[in-house]
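According to full-length UniProt numbering, the first sequence is numbered sequentially starting from 1.
Calculated from the structure, these hints are not laboratory results.
It is possible that some hints are incorrect.
[Said to hold, decoys possible] Pairs of lysine-lysine residues, derived as BS3-like cross-links and limited to a Cα-Cα distance of at most 25 Å, are as follows: (1) K519 - K529; (2) K650 - K596; (3) K331 - K228; (4) K189 - K430.
[As the list claims (entries may be wrong)] Each pair of labels, with its calculated beta carbon distance range: (5) G614 - S237: 51 to 57 Å; (6) R536 - F230: 44 to 50 Å; (7) D396 - I286: 39 to 45 Å; (8) T289 - T645: 42 to 48 Å; (9) K615 - R194: 56 to 62 Å.
We put the CB at the ideal spot given by N, CA and C, even for glycine.
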Amino acid sequence: MCGEGDPTQVQMDGNIGMINWNNSHLQTQTDAIKQTTNNYLRRLAILSMADLPILQFEETIMKAVEENTVVVIIGETGSGKSTQLSQILHRRGYTKSGIVGVTQPRRVAAVSVARRVSQELGVRLGDEVGYAIRFEDRTSERTRIKYLTDGVLLRESLSNPELDEYSVVILDEAHERSLNTDILLGLMKRLVERRASNFKVLITSATLDGEKVSQFFSECPVVRVPGKLFPVEIVYSHERPVSYLESSLATALDIHMKEGEGDVLIFMTGQVRVFGPRPPNCRRFIVATNIAETSLTVDGVVYVIDSGYVKQRQYNPSTGMYSLDVVQISKVQAHQRAGRAGRTRPGKCYRLYPSAVYEDEFLDVTIPEIQRSSLAGSVLYLKSLDLPDIDILKFDFLDSPSPESLQDALKQLYLIDAIDENGLITRIGKTMAELPLEPSLSRTLMEANEHGCLSQALTVAAMLSAETTLLPGRSKNTEKKRKHDYLDLPDGSGWGDHIQLLQIYECWHQTNYDIDWCKDYQLQVRGMKFVKDVRRQLSQIMQKIAKGPLDVQISRRWKESQQDYHNLRRALCVGYANQLAERMVYHNGYRTLGFKPQVVQVHPSSVLKPDDEGKLPDYVVYQELIATSRPYLRTVCAVNIAWVTPILDKVNKININKLSGGIGRIEEHTEENMSDLPKTDNVVAAVPDDHESKIQAARERFLARKGKK
DNA sequence: TGGGGATTT
1 MCGEGDPTQV
11 QMDGNIGMIN
21 WNNSHLQTQT
31 DAIKQTTNNY
41 LRRLAILSMA
51 DLPILQFEET
61 IMKAVEENTV
71 VVIIGETGSG
81 KSTQLSQILH
91 RRGYTKSGIV
101 GVTQPRRVAA
111 VSVARRVSQE
121 LGVRLGDEVG
131 YAIRFEDRTS
141 ERTRIKYLTD
151 GVLLRESLSN
161 PELDEYSVVI
171 LDEAHERSLN
181 TDILLGLMKR
191 LVERRASNFK
201 VLITSATLDG
211 EKVSQFFSEC
221 PVVRVPGKLF
231 PVEIVYSHER
241 PVSYLESSLA
251 TALDIHMKEG
261 EGDVLIFMTG
271 QVRVFGPRPP
281 NCRRFIVATN
291 IAETSLTVDG
301 VVYVIDSGYV
311 KQRQYNPSTG
321 MYSLDVVQIS
331 KVQAHQRAGR
341 AGRTRPGKCY
351 RLYPSAVYED
361 EFLDVTIPEI
371 QRSSLAGSVL
381 YLKSLDLPDI
391 DILKFDFLDS
401 PSPESLQDAL
411 KQLYLIDAID
421 ENGLITRIGK
431 TMAELPLEPS
441 LSRTLMEANE
451 HGCLSQALTV
461 AAMLSAETTL
471 LPGRSKNTEK
481 KRKHDYLDLP
491 DGSGWGDHIQ
501 LLQIYECWHQ
511 TNYDIDWCKD
521 YQLQVRGMKF
531 VKDVRRQLSQ
541 IMQKIAKGPL
551 DVQISRRWKE
561 SQQDYHNLRR
571 ALCVGYANQL
581 AERMVYHNGY
591 RTLGFKPQVV
601 QVHPSSVLKP
611 DDEGKLPDYV
621 VYQELIATSR
631 PYLRTVCAVN
641 IAWVTPILDK
651 VNKININKLS
661 GGIGRIEEHT
671 EENMSDLPKT
681 DNVVAAVPDD
691 HESKIQAARE
701 RFLARKGKK
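Build out the structure end to end from the sequences listed, making use of the hints.
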């Protein structure tokens, strides 16, 4: 919870005398000054706040921890669990035999909570208390309490599956059910059996589902710690509004006229730009998405307006398509939203839906991310752990993904050579897992390295990893007189968006990474810097894997050579074999291959160019298939049919039962029966229906024509 | 010619 980072919430520590870490640092005057400042901050913090609820439960918690390997702690907002649990364990000696690691789903939380704890203990950040997030490891040999993102802990467990250096792992904010935390939950379950004698796991959750987690960990104890929230009055609507926008506006104005002081936080599904007449005096109205449920804390909020909806990204494993849907929130989310009204004093939450809807229609908990995402990356990760006792299809998840989703992941991994036809991880797959990239990009890098275009592929991979959209939108009304227009940027030479991204970065490189150049072309500076960081990291990892220097330097002469980016595009084709589409015969629509076929369009923002006859390339690979107003291929690259043919052969050979480990999971076949199955087109993953077989026939005619050329 | 919630290695 963000609340534990508030400067006002600090422990009244009765055990200060036990903490004597800082004595050794008082060597120089500078250190002394810092120390004085730290002490001052600390005293200030201690004075400003009464004790946190969790400290009253110290004995209860410690008794549970001493008697059990796994303990679930349910602590509402403001209980102090994120900052205090690690310190309690430290006081009780658990940092003598190893590190106390605390995972967070978000980078900012890991950093801010670590900073907070180091202040409370009066030590320098990075010494006894540190944090580790991507690109930033602020820990040292002295570090005993380590905050880290769940993703970083997963990375660590790749090289050290037993997590030997940790005496305790605390999975914080488990109720958010982030993909990585869910995988860690499964791994912890295995680990506590293997390291029962010297390892403890604490799982903290803000809400309800403690019993479920307890059952998952063989009925481990659940300790409930009250939060420090003020009461929040819930006000339901009598009916669902026709327009949520109008309704929330009306409610907001109503609050403004009738209610006392305090800001208003409005949860909507997307960006809104309404609120015309500004109220005469100063009351803030904050319109937010679900970002305000977790990441963002706004002080001074007393009123919350909850639309009851959220925009959620979902993945359909049968079509490989993502969609962004407006869905009803869960009870847990509604609870979180309401809680935002009670942080500073008693508040009110206006729910724009009737209580019957809440009771009858809302799910108890949010559908975990693991059931809404493509799992290729996670499955590859689990396979690469190479734990003989872990079978991915039987992996013990708190909430299992659907068999379809797991099979989809296996198919994808097979098509890009990460696993073999028996579902066993290949040498290629093993290497891929070491790269902090989605499998398609990892595979692309490896292929590129074989064909002398690693440097280009590194750039493409880094550009695609950018957090935000780098390129400016193509709106016509922003014709500001700038030095340059984004239209002056390279256009991918007709080959598509990956190539354009490569060319843009190379241009930036030629300016010696000039920030003003980014601004001139309306490229997001922060995004471009991030790309540079990622590229450096990827280069290092690739060299480490290769155990020697590789050519990762950016060529300064791309303009001079008339490249068709042949090798790079081929590498992309190999890497994105699971995301391949074929153009329709008579128009520029595409049909996806390898999934249940979908007819899709190239996104209008693409720089892919048609030929003289107005036709787009026969085959493309795509970065993303997303259904918005229509299904679109986003970020595409033209590839050659010669590279595609072997992939299609592979698609046709997929035997999902073998991929799943030979044991039929859907049909109850015996293993012998499986191995008897002929490797013919009859074993295609998706049996074509009549419509599809027509498409198939048309495609064959098309291919035949192509072949004659 | 379209629209975009939030994360992370």
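Checklist entry - Can you name, in rising order, the numbers of the hints this structure does not satisfy? => result Violated: none.
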